[in-house]
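Residue numbers (our numbering): 9 to 141.
Hints are computed from structural coordinates only; laboratory data are not their basis.
Errors might be hidden in some of the hints.
[To be verified] 20 Å max Cα-Cα, derived EDC-like pairs, lysine to aspartate or glutamate:
# : residue 1 : residue 2
1 : K36       : E54
2 : K48       : D96
3 : K48       : E110
[To be verified] Have a look at the derived ranges for each label pair, beta carbon to beta carbon:
#  : residue 1 : residue 2 : range
4  : F74       : C34       : 36 to 42 Å
5  : R61       : A132      : 39 to 45 Å
6  : D42       : E64       : 18 to 24 Å
7  : D69       : G129      : 28 to 34 Å
8  : D22       : K48       : 38 to 44 Å
9  : D72       : E122      : 37 to 43 Å
10 : M78       : P131      : 17 to 23 Å
11 : G57       : D22       : 35 to 41 Å
12 : D96       : K36       : 24 to 30 Å
Keep in mind that this is a model prediction, so the values were computed, not measured.
Every residue, glycine too, gets a C-beta built ideally from N, C-alpha and C.
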Amino acid sequence: MFAVHVGDQFQVGDALVEVTQPRVPCYKLGLKMDLPKFPKMFLASERVGFYLRVLEEGEVDTGDVFERVMVDPERMTVREIHHLLYFDNQNVEKAKKALCIEALSPGWRGSFEETVARGLGIPAESIECSRGQ
Numbered sequence: 009m010f011a012v013h014v015g016d017q018f019q020v021g022d023a024l025v026e027v028t029q030p031r032v033p034c035y036k037l038g039l040k041m042d043l044p045k046f047p048k049m050f051l052a053s054e055r056v057g058f059y060l061r062v063l064e065e066g067e068v069d070t071g072d073v074f075e076r077v078m079v080d081p082e083r084m085t086v087r088e089i090h091h092l093l094y095f096d097n098q099n100v101e102k103a104k105k106a107l108c109i110e111a112l113s114p115g116w117r118g119s120f121e122e123t124v125a126r127g128l129g130i131p132a133e134s135i136e137c138s139r140g141q
């Protein structure tokens, strides 16, 4: 098993996909499991999945290999990004680093922009990423 980073790209069948954000459970999972607290328990485990953006459409068949073809240069894992938002949401430097991930989804990007703006007392539109942290 290997670490998956937000921004990593994978070839599967004829399609090319890119990791955009962690996938966190919603209340519906708790209903399905008949455990209302299950989403919080799942969130605390930090064993989350991820969403993919399709960069190139193509046929995908059962049994096709999911092959990583590009590692995002920021190398922030799905788990690190998840932890940053839910458990370390005051960490301005890591939030700035996360903002360097071009593939990061708009919703998560907005959350990290708010973290940086609040932490530095500056307008969100003046925020830049911090490479090499």
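Cross-check of the supplied hints:
no., hint, verdict
1, K36 <-> E54, "holds (18 Å)"
2, K48 <-> D96, "holds (16 Å)"
3, K48 <-> E110, "violated (29 Å)"
4, F74 <-> C34: 36 to 42 Å, "violated (25 Å)"
5, R61 <-> A132: 39 to 45 Å, "violated (23 Å)"
6, D42 <-> E64: 18 to 24 Å, "violated (41 Å)"
7, D69 <-> G129: 28 to 34 Å, "violated (52 Å)"
8, D22 <-> K48: 38 to 44 Å, "holds (39 Å)"
9, D72 <-> E122: 37 to 43 Å, "holds (38 Å)"
10, M78 <-> P131: 17 to 23 Å, "violated (33 Å)"
11, G57 <-> D22: 35 to 41 Å, "violated (23 Å)"
12, D96 <-> K36: 24 to 30 Å, "holds (26 Å)"
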